[in-house]
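**Q** Sequences and hints are given; from them, build the entire structure.
There are 2 protein chains.
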Amino acid sequence: MIFYDCATAPSPRRARMFIAEKGLRVESREISIAKGEQLTPEFRAVNPDAMLPALEIAPGQVLTENLGIAAYLEARFPEPPLMGRSAEEKGAVMMWNAIAETQCGLAVAEALRNANPHMKDRALPGPENFPQIPELAARGLRRIDLFFDKLDRHLAGRDFVAGDGFSMADITCFVFVDFARVVKRRVGPAHGDLLRWYESVKARPSAQA
Amino acid sequence: MIFYDCATAPSPRRARMFIAEKGLRVESREISIAKGEQLTPEFRAVNPDAMLPALEIAPGQVLTENLGIAAYLEARFPEPPLMGRSAEEKGAVMMWNAIAETQCGLAVAEALRNANPHMKDRALPGPENFPQIPELAARGLRRIDLFFDKLDRHLAGRDFVAGDGFSMADITCFVFVDFARVVKRRVGPAHGDLLRWYESVKARPSAQA
Chain A
556 MIFYDCATAP
566 SPRRARMFIA
576 EKGLRVESRE
586 ISIAKGEQLT
596 PEFRAVNPDA
606 MLPALEIAPG
616 QVLTENLGIA
626 AYLEARFPEP
636 PLMGRSAEEK
646 GAVMMWNAIA
656 ETQCGLAVAE
666 ALRNANPHMK
676 DRALPGPENF
686 PQIPELAARG
696 LRRIDLFFDK
706 LDRHLAGRDF
716 VAGDGFSMAD
726 ITCFVFVDFA
736 RVVKRRVGPA
746 HGDLLRWYES
756 VKARPSAQA
Chain B
556 MIFYDCATAP
566 SPRRARMFIA
576 EKGLRVESRE
586 ISIAKGEQLT
596 PEFRAVNPDA
606 MLPALEIAPG
616 QVLTENLGIA
626 AYLEARFPEP
636 PLMGRSAEEK
646 GAVMMWNAIA
656 ETQCGLAVAE
666 ALRNANPHMK
676 DRALPGPENF
686 PQIPELAARG
696 LRRIDLFFDK
706 LDRHLAGRDF
716 VAGDGFSMAD
726 ITCFVFVDFA
736 RVVKRRVGPA
746 HGDLLRWYES
756 VKARPSAQA
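Sequence lines, in order, name chains A and B.
Start counting the first sequence at 556; every next residue gets the next number (my numbering).
Start counting the second sequence at 556; every next residue gets the next number (my numbering).
Be a bit skeptical, because a hint or two may be false.
For chains that are exact copies, the list does not tell them apart, and a pair is met inside one copy or across any two.
Claimed, not checked - Below are the DMTMM-like pairs computed for lysine to aspartate or glutamate, each with C-alpha atoms no more than 25 Å apart in a straight line:
1. Lys739 x Glu611
2. Lys675 x Asp733
3. Lys739 x Glu754
4. Lys577 x Glu643
5. Lys577 x Asp704
6. Lys590 x Asp604
Hints are computed from structural coordinates only; laboratory data are not their basis.
**A** Put into structure tokens, the structure is as follows:
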């Protein structure tokens, strides 16, 4: 397998943490988004959508999207399970993964991509250029604040986002909450339960992978 | 189980098709988004996010988000599989499901919610109001066109979106492609492979569920 990664971006970090939590060693190639390497013909031969992460699982056979990569790895390397053991847990992991993607991940992307002068015309990832929409940056910040409140409430009395153990839901929430620093949103003492959980995930070796 | 549904909206339709393809009969309750019933205290006691679909799997235990509901049902009722059999297929189904959600579902929502006068201040689903952003409506239309092109190319020589059989990837692509009619985008002869696949999914009993 070849894992196409980018050290600075949140989406490939989710897959990198998933791989590390599985205890897998996978050959990886760094694609620098800062240098625009995801838009080169070489990388677009791997993923025409010009997005990271991507996992080549056999010559010419490439999976993209975090859930595509995770579902494959979970089926091939079931232990430790990161997508739930029981039906209830599998449902809860996917539910919180989706909530984190739409309510936090997309919000951070909106806030960053529509305001950062280095991302002019890169309001969306992918091969097509889209102009920035400043109102979307403001909306993104508001949505991040709402998500921090929500996740803090949810984590009261809990050690993990979904089910009884560490899962992909923790990875997705952690990576997006952590990445919110790029738009000056950081977890602080006002969100005590969120902060406790955040520090516990940050202390895992996979968070340094 | 109690399935909270809305006949007019694409997200609950995805879950409704999934349930129908599994051959399950589930008690359902209609929540009218047109009447704003998802925002009532009664429904927010079921799902504080004020979104559909939702599936109560035990008294007081509710799963939301299509993937939360699908992962639970797939684990509890494995046949027929709708999320892939092999690791490769599971990966491909989740990959295409994610591509359809972000590149088509979100695009249709952008185009509809930011332009429809009946959706003033409802630019996003959920309990919070957000004002419409007209530029986002135009961007959504452009993204739908790009997705129709992409899915048409992908379906050349294929009967199903992912793997060797009908899956959740077909459901998600079909529901969002079909819902694009609300912003005047319809599959036509210019997209021959997309049209052939679209008609084949439309002919399934689950598409009328």
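**Q** Which holds for Lys675 with Asp733 at a C-alpha limit of 25 Å: within a copy, between copies, both or neither?
**A** within (23 Å within a copy, 33 Å between copies)
**Q** Tell me, please, which holds for Lys590 and Asp604 at an alpha-carbon limit of 25 Å: within, between, both or neither?
**A** within (17 Å within a copy, 39 Å between copies)
**Q** Could you figure out if Lys739 and Glu611 sit no more than 25 Å apart (CA to CA) within one copy, between two copies, both or neither?
**A** neither (35 Å within a copy, 37 Å between copies)
**Q** First find the shortest C-alpha distance between Lys577 and Asp704 inside one copy, then the shortest across copies, and answer within, between, both or neither for a cut-off of 25 Å.
**A** neither (30 Å within a copy, 37 Å between copies)
**Q** Measure nothing new, just compare the shortest in-copy and cross-copy C-alpha distances for Lys577 and Glu643 to 25 Å and report within, between, both or neither.
**A** Answer is both: 21 Å inside a copy and 18 Å across each meet the 25 Å cutoff.
**Q** Cα distance capped at 25 Å. Does Lys739 pair with Glu754 within a copy, between copies, both, or neither?
**A** within (18 Å within a copy, 48 Å between copies)
Going through the hint list in order, the structure does not satisfy hints 1, 5.
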